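Model the full assembly from the supplied sequences, consistent with the hints where possible.
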Amino acid sequence: MNIKKLIIAALSSVMITSSAAFADGHIMYSVTADNVSEHSSKLTPGMLNMFSAYPETFRMDVYENGGNCTIAPDIAAISQTNGTMINDNEGLELPNAGQVPFPDPTHPQHFVWNYRMYAGTVSAVDRVQTSVTVKADGSITLGQQETSISFPPNPNTKTMYADKNLFALFMQKNLGPPRTAGTVTLVHDFIDSYMQPRKAWQYSPATRRVRRAPDITYDTLTTAGGGIVTVDSYGGFNGAQDRYDWSYEGKQTMIVPLNNDMLSETAVEDTFTPNHPNPDVVRFEERDVHIVHASLKAGTKTPLCFKNFLFLRWTTWNACLS
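Going by the working numbering, the letters in the sequence shown line up with residues 19 to 340, in that order.
The reader is advised that the hints may include incorrect statements.
[Stated by the list, open to error] Under the rule of at most 27 Å between Cα atoms (straight-line distance), these lysine-lysine pairs were calculated in the DSS-like manner:
#1 Lys176 with Lys191
#2 Lys217 with Lys269
#3 Lys269 with Lys315
#4 Lys176 with Lys217
#5 Lys153 with Lys176
#6 Lys217 with Lys319
#7 Lys153 with Lys182
#8 Lys315 with Lys217
#9 Lys60 with Lys217
[As the list claims (entries may be wrong)] Label-pair restraints from in silico Cβ distances:
#10 Thr177 with Gly200: 23 to 33 Å
#11 Pro232 with Lys315: 18 to 28 Å
#12 Lys176 with Ala95: 35 to 45 Å
#13 Asp288 with Gln162: 17 to 27 Å
#14 Gln162 with Ile45: 27 to 37 Å
#15 Tyr179 with Pro91: 19 to 29 Å
#16 Ser157 with Ala115: 20 to 30 Å
#17 Arg145 with Gly43: 40 to 50 Å
#18 Arg197 with Met280: 37 to 47 Å
Hints were generated in silico from the structure; no laboratory data involved. Since this is a predicted model, take the numbers as computed values, not measurements. Here a beta-carbon is modelled for each residue, glycine too, at the ideal position from N, C-alpha and C.
Written out as structure tokens, the structure reads:
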């Protein structure tokens, strides 16, 4: 189960960091079980575990670097001065609404805040995404979700909401698999979860009713995650930070998934093997990343995840792996 969770987390990051403009390039080298020790300093704990578990089939092809994404110029222009963390670091006071919170981070949670607020550097997101769960026998369950997200703090967002603490308006409709098709989730996500915890509602086609959903937080399982993806691991890390102790591990060159157009353009049956993604369609690059470590606080219980690492691109603060 833990190995498969690592696969799902890795794939989430792979798919997020895809760009057709930068997908060209040549393979510089491949990491295999035979030479993994030569590259171990650039690999995450999850990657090392994959080589240990599947030495005959797991491989990482490392390509020449593609292009870099950057923060939009209008957001960069207003992101010149650090904000301030308040309310046990669960809230922010910012010089400018919509800015990168900490352009000059000096605290571990500054990096987390930059990552969390990164999504708001665009006004809105509309997408139809496919989720894949690979079972132990190699069978595949496909899911599909239609998602719309609006970010009121973004200067380009036109919204009727006057609440300055509102970070995101999220709505997702499950299109499949059949057992969850028709389920609709609506979330109001707030910047300061200490003052205003996340509010969520869910429509069930079975009951034809909308109910408050107070548990769309922390280690609650997502509807589309096949029973192995939690809410707070969605997209790398999501939601309140108060259950973890955070530490900054420094900036380091790592091998990370990036510019993965082959993955999205390949048929699902050719993308996955029973134990891991098909190495022929996954692209890795060497990149400088900030490494932030989250360790579950003493006395906090969770059945799934006791520690996590975020690997954040230094150009955008976006997580390329977790």
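Verification of the supplied hints:
1. Among the hinted pairs, Lys176 with Lys191 is consistent with the structure: their alpha-carbon atoms are about 23 Å apart, no more than 27 Å.
2. With a C-alpha separation of about 35 Å, the suggested pairing of Lys217 with Lys269 is violated against the 27 Å cut-off.
3. Simply put, Lys269 and Lys315 have alpha-carbon atoms about 24 Å apart, close enough for the 27 Å limit, and the pair holds.
4. A threshold of 27 Å between alpha carbons decides the hint, and for Lys176 with Lys217 the separation of about 21 Å falls inside it, so the pair holds.
5. Of the pairs offered as hints, the one joining Lys153 and Lys176 is violated, with about 43 Å between alpha carbons and a cut-off of 27 Å exceeded.
6. Distance check on the hinted pair: Lys217 and Lys319 sit about 22 Å apart at the alpha-carbon level, within 27 Å; holds.
7. For the suggested pair Lys153 and Lys182, the alpha carbons sit about 43 Å apart, so the restraint of at most 27 Å is broken.
8. Between Lys315 and Lys217 the CA atoms are separated by roughly 24 Å; this keeps the pair inside 27 Å, and the hint holds.
9. Proximity of Lys60 to Lys217 is assessed by CA-CA distance (about 39 Å); at most 27 Å being required, the pair is judged violated.
10. At about 28 Å, the CB distance of Thr177 to Gly200 agrees with the hint of 23 to 33 Å.
11. The supplied range of 18 to 28 Å is met by Pro232 and Lys315, whose beta-carbon atoms lie about 21 Å from each other.
12. Between Lys176 and Ala95 the C-beta distance comes to about 20 Å, which lies outside the given range of 35 to 45 Å.
13. Under the hint 17 to 27 Å, the C-beta atoms of Asp288 and Gln162, about 18 Å apart, fit the expected range.
14. Remark: the range hint 27 to 37 Å for Gln162 to Ile45 is upheld by a beta-carbon distance near 32 Å.
15. With their beta carbons about 26 Å apart, Tyr179 and Pro91 fall inside the hinted range of 19 to 29 Å.
16. Range check, Ser157 to Ala115: about 47 Å between beta-carbon atoms, so the 20 to 30 Å window is missed.
17. Between Arg145 and Gly43 the CB atoms are about 26 Å apart, so this pair departs from the stated range of 40 to 50 Å.
18. Under the hint 37 to 47 Å, the C-beta atoms of Arg197 and Met280, about 31 Å apart, miss the expected range.
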